[in-house]
Every structure is written in C-alpha cells, then in structure tokens.
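Engineer: The lines below spell out each chain.
There are 2 protein chains.
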Amino acid sequence: MSDATAIRAAGTRAQEMIDALAAISADSDRLTRLYLTPEHKRAAELAGTWMEQAGLSVRMDAAGTMRGSLPPGRPGPSGNKSLLIGSHIDTVIDGGRYDGNLGVVVGLLAIEALKARGEALPFGIELLAFGDEEGVRYPITLTSSAVAAGVFDPAALDQSDRSGVTMREALTAFGGKPEALAGEAYQADSVLGYLEVHIEQGPVLERTGAPLGVVTAIASQSRHRIRIKGEAGHAGTVPMPMRRDALVAASELIVGIEAIARKDRKNSLVATVGEIEALPGASNVIPAEVRLSLDVRAATDEARRDAVATILSFARKTEAVRQVALTFETVLEKPVATCGPRMMAAIQEGASRVMGKPAQQLLSGAGHDGLSMAHLAEYGMMFVRCRGGISHNPAEFVTVDDMGAAVEGLVEAILALARQEAAR
Amino acid sequence: MSDATAIRAAGTRAQEMIDALAAISADSDRLTRLYLTPEHKRAAELAGTWMEQAGLSVRMDAAGTMRGSLPPGRPGPSGNKSLLIGSHIDTVIDGGRYDGNLGVVVGLLAIEALKARGEALPFGIELLAFGDEEGVRYPITLTSSAVAAGVFDPAALDQSDRSGVTMREALTAFGGKPEALAGEAYQADSVLGYLEVHIEQGPVLERTGAPLGVVTAIASQSRHRIRIKGEAGHAGTVPMPMRRDALVAASELIVGIEAIARKDRKNSLVATVGEIEALPGASNVIPAEVRLSLDVRAATDEARRDAVATILSFARKTEAVRQVALTFETVLEKPVATCGPRMMAAIQEGASRVMGKPAQQLLSGAGHDGLSMAHLAEYGMMFVRCRGGISHNPAEFVTVDDMGAAVEGLVEAILALARQEAAR
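Line by line, the protein sequences give chains A and B. Numbers 1 to 424, taken from our numbering, label the letters of the first sequence in order. Numbers 1 to 424, taken from our numbering, label the letters of the second sequence in order.
Some hints here could point you the wrong way.
Covered stretches of chain B, going by a simulated chain A footprint (3 or more residues, C-beta under 8 Å) [unchecked claim]:
no.	segment
1	27-37
2	49-61
3	125-136
Distance windows between CB atoms, simulated [what the hints assert, rightly or not]:
no.	chain 1	residue 1	chain 2	residue 2	range
4	B	R162	A	R59	36 to 46 Å
5	A	D301	B	E302	55 to 65 Å
6	B	V321	A	G118	55 to 65 Å
7	A	P280	B	I140	15 to 25 Å
8	B	R342	A	A325	31 to 41 Å
Derived by calculation from the structure, the hints in this document are not laboratory data. The structure presented is a predicted model; accordingly, all values stated were derived computationally and were not measured. Every residue gets a Cβ at the ideal spot worked out from N, C-alpha and C, and that includes glycine.
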C-alpha cells in the first residue's frame, strides 16, 4: 500500500490543476467546454504549459490535440516504442470538472512522479489531451483520438454545428490543419499501448468501497427507436375493452425490457428507455402513438444481440396481444472493445498495489477514447471512484485522496509495464 | 318504426345545414370556431335566421347564445312552462362538423316537423345555440349554459385568452353584455326540462348497430397529476439492480391503472394516462423524473372514488418497491350528473319508436352543457352514432340516415313529453 502522505500530496496537486481547468468555460456560471472553441484552446494551452514544465516536448497536432513527448530513459527490448497516455479536456454543457480532465492531470502527475523518482523507462511516453470525446458540438465523436489512431473519416469535416459552422472551418479557425489530419496517425509499430484514467461515471466502485478499478472492456452497445401505433379516442367515451392504447402497450414493453435486462447480470447487461413521447399528448385523449428510445449494452456482442432479440420478441407479443403496430429500428451498433491483456495486467497490478488489495475488474458501460485507440494498439483503462456515480453534472465529485491514489496507481502501472518490457 | 323516406329527407336537410355551418371557420383549411369570435357570430346569426324562418321569436342573449322561442300551442297542466332544447356551435381547433352543431340543427328540424304536423304542444319550446361548450378559448367551459342555468361565476369574465383578451372584453366586442349575464338565467319554475341531441363521441352505438342511444348520466370525473422521482444515471454505467428508474416505475403504474379500470365494467369505469413526460429525456440517461396525467371517469361518484383510491394504493406500492418518490394531486373533480327520469323516459320512448327496438342506455363519458343545465332542471340527452367513435377531428362523421333518425327521435321524444304532460 502506498504512502498516504504521498497520495494526499498528489491528490492536492491534482485538485489544483482540475480547478484551474474548470475555470476555463464558455459560461460564467457553469462548465461548458466544447471542441474547437476559444475555451478549448485556453484549456489545451494550459495543459501544454504544464507539460512543458514537466519537461515534455510539446506540440498541438492538426486536430487540436495537445501532445507532450518524453523519450525513453533507456533502450527497451521493443525498440523506441512509446506508451500513449491520454484523456479528453472537452466537457458536456453544464458538465463536471473531473470527466476527461482528470485523466490528463493524472497522466501528467504520474510522469512528474516517475521523473522525480529518477525512473529510466524502457519506452517513451506520449501524453495526449484530446479535444473531442463528448461529441456535443458535432454529430460524430472521438474526433481527436480517431485522428491519432488513424481511423478518422475526413467526411466528418463537412459536419455543421448548430450555428452552421463546419468542423473544417472551426478547426482552421482554431489553428488546426484539416489537410494534415491523415499524417497525424501514430504508426502502430511505434506504440506500446494506450492507457487512460477516467472517473467511473457509475456507482460500482463506491458500493464496493474501492478508489480504483480495472476496466475489462468498453461495452457492446446498440441504440434503437421504437414506435407503437394504437388508436386515439376520447378518454371518457371509449370503454376499456375497446381501446388500443399505445401508451399502455409501451408501458408493458418498458416493464418487460427491464425484466429482460435484469436476467443477465453475468454479462453486465443494461437496457434503458430514456426518451418517451406520447401523441397527441392530451390528458383527455387516449394516446394514439408512442415513440421510445432504447439503449442496450453488455459485456459481449453476443449477450447484447441476444438481449435485443429477446426484447424484440417480447415487443412482438405485446404488439399482437394489444393490437398495436410496432416498428423497431436499430440506429447505432458498436461492438465491444476489449482491453488488451498486457495493459489490463499493468493496471491491475498498479491499482492493487496502491490499494493493498486486488483491484476489482469492471466493464465500462460508457464509451471512451479507447474505442478509437483500440484500432491502433492495446488499450487499458483505470477507473476512479466518483461520488454517487454521478457525471455530466456539476455535482460530479472525486475526493483528493482518490485522485492521489489514481496518480500512484498509474505510476505503478507504468512501472509494471517497464518490468514486463524488461522481462521480455 | 318511422318512415324511411321521411328520415332520409330530414337527414338530407340536416346535412345541408351542418355543411353551411361548417363553412364558417377561422381557418380556410379546417374547422375552428371559438367562443366570441367573428366566426362564432356568423354561425349564431345563421342559426338565428333559420330559427326565424321556422317561426321562432329570436334574440341573442347577453352571453352570445342565440335563443329561439315558440309559445305553447295549447294550455298545459304545468302552466306556461317551456322545454329547452339546445347544444353548442363552437368547435375545437381543427374540429369536426357534427359535434355540438348537430344538436342545434336537429332541434330546429324537430320544431319544424312538429309545426308541419300541426302538433299543438302543451308547453313552449326554447331552442338554444350555445357558444362555449368546448372551453378552448378560455380556461373555463360551459359559459353559455351556465349563464342560462344561473350558475355562471362572474369572476370568469376576468380570464384571458392566449392573446391577453379578457372574456369581458371579448363579450363586449361580440355585442354581448357582461353586466346583464345574471339576468339571463331561466326561472326554474318556468322550465319543463332540457333536452340535447349530440354525437356519441364513442364507439358503443356503432358496435351495437344502433343509430340512437339514451344517455343515463354524464360520468363522474376526476383529473390528477402524478409525479414520480427516481434517480438519474448513465444508461451504460449503472447496473440494473442499482437503478431507481422513474420511467419503469411509471410504466408499472400505467399498466396497473389499466388493469384496475378493466375490473369495473359495471360502472363503466375508464382511466386514461394521456400525457407523459420523462426527464431529462435523453436516450443515454436513466429517467430521473416522470410526470403523468390521469383521467378517471365512472357511472357513479363512489365507483370513481373507489377506483382512484385503488390506483393510489397501487401507486404507493410501486413507490415503496421501486424506492421512488411519488406525488398524487387531484386537479379536477366533477360529480356525476344524472339525467332526469322524465326526460330519459321521453328520449327512451322517442328513440325506441324511431328504431323499432328498445334504445340502449349508455353513460356519457364526455361533459356536455347538460352539466350546467342540470342545476336548473331535469335534463336528458339523445346520442347519435358517429363513425369509429371519432370526434374532435375532421374525420368526425354521421350518416344522413342517422341524422334523420335523430330528428324523428327528438320529435317523438317531444310528443312523448306532451303525452306525459296531458296525463298529469
């Protein structure tokens, strides 16, 4: 178990840096920092200044990602490969200060600590402060990490934000270079792996009383749109047996979806109806049509597909019994992105050392930059406990000690990787 | 059974008059005729012209109701009492042409038919074309019939429409007299009863294959607002057993409400959730709060109150099991308005004669001017079959023959009342 004083000190520095970043916002009364905005630039420049102070060679890449490089401290068996460490510094509208930003801060403090301890690593380190993970300004997301991983689709440059500004225009105004994006991809054989520290955004670590956890994968996910058409009618004049109420049918389906999702705990299955609209939507009219969103995630693609099939079959039964017309559309489908075994092992070792007990493994239900980086190299993620599992909200909170533990955990994970390399 | 040729002829005249009224609208492409608007005035004047042509003494009262009077044809045992016959000529926005308007047209054609047959009735008749039954322009409704029944609350004159025009201002501009409303109430001892012919607005007569039906009462009704507070969370990161999903709780309640309402067919119990809103309403966020409307109606106040109590008790169980916070508010409560036995008997006799079979009795789930008129006198209603039970919609439809049957049915009901009077 690490030294509590060192952890507290690292956490205190992390808090100061988090607070300095949180002061950079589009809005005076809340934290909003979208991709390629003036506040994104100020936050990136602040991160760049910190990187320089830590002795990294710093440059902003063509996509607006601030990159800080540290060469290997000694020759490694894998040649001059680099370990990439990153996270994002954009936020949602009225977001929290830890989501994304904590990963950059923890990465920087871990590099500082390794230098302070005089550790000579057998690989270089590249610290990456990505600018677009939340996907709030433009329809697509993970722009910055897709560029770094070489999987960016340049068609995305023609997307417009709500003000009609294309990504190409915004990137140029920001000081980026749309024409140079393809050249910013790392060569796969120069990369050892990608590590990211991120708040959990869920309640699991808090419930189990652990500051850190090891991510096994980013869940398989799909999004669907369901429409149920019944028959409108006067709420006072149509007897119950003559109704084809679209909202009652939808409600039966929502209850059924929950029951189906509860059955597969082994695969961390979750299913959520977050949006519902009933038409015409008057208190004295039987709903004629209901529109629902459905979000399904699981630890494996198979478990998710099985769940969707079970839900659809349940929906077809409801459709038949209630004599409504149901359409079921899949609007998004993302396969599971499994963490690399070497990276996972390193994080497992690092987090367990700091906590003095075996770190829990858990699935990431949320998407992260690792989804892009997995195309380039093995990736691994360390989760940090956050209060109430709350994120994307000003109430987002991580304790100073947990942030310190994350810094120490990442240091230990990097040292574990160095030992892995030395043992090859 | 009445003569099919006479019924067809009366129905054809009714259709012409219905179409002439339907041409009077605020909108060129749909039927919209709100209280105290220029189109209300034109429709009232057209009705007034028809009343004059039928030999009635016509005046517009201080609330904008067109009233046509016919004195008794011979002295009656109850003195010079009058039978009131009425309905409304306002519509909802994008409404149908039969709702309300049909009652005025049928009333007029019945009076014409009685005169043509030389029937000398032992009571006078007052035909009333009310202007505000739908309650679309101002928050309160039944203004015109409340004035006629002497139950109008003058505080309602200070209500504003969406443009900020008070009812007092609109009534004055229309040519009405806000200060004279109290003097427009009928004296209870001068009224024999109130009869209204109206489309069913429900599917019961169509299913049973009858053009006409006898209303027993206007249902007991209450409206409620339900709020369910759970806990927001990321749709990907909160395991199913840790969720307090407000929408799943609401769905369980909606399914439960339907089951409770289905159990009491004897009392024509209906319960409807027509409005639902889930907050924050994003596909990737577990709903934190859901707001529902609930409309409950039944043949008796007791049955309705029992149902509301059962629903509330079910809701409290859902609240406890799902660990959500539920509030249940009653925003409207109207007692049942039972039809008078003499008026019901007359309509029963009239409708049965025309159909050549006993007319079915049914509850009116919708509110009508009878709710006001019940304060003044016995009231009775005859329902006319409408296609698919559809109303408040351009698709509203009544066949010519059914309208003719309604005219003949009302004539026979009035004659039945005349016989009742003679037998006293």
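Engineer: Take the hints in turn and mark each one as holding or not.
Structural biologist: Against the structure, the hints:
no.: 1; hint: 27-37; result: violated (count 0)
no.: 2; hint: 49-61; result: violated (count 0)
no.: 3; hint: 125-136; result: violated (count 0)
no.: 4; hint: R162/B / R59/A: 36 to 46 Å; result: 59 Å, violated
no.: 5; hint: D301/A / E302/B: 55 to 65 Å; result: 56 Å, holds
no.: 6; hint: V321/B / G118/A: 55 to 65 Å; result: 59 Å, holds
no.: 7; hint: P280/A / I140/B: 15 to 25 Å; result: 22 Å, holds
no.: 8; hint: R342/B / A325/A: 31 to 41 Å; result: 47 Å, violated
The structure fails hints 1, 2, 3, 4 and 8 (numbered hints given earlier, in ascending order).
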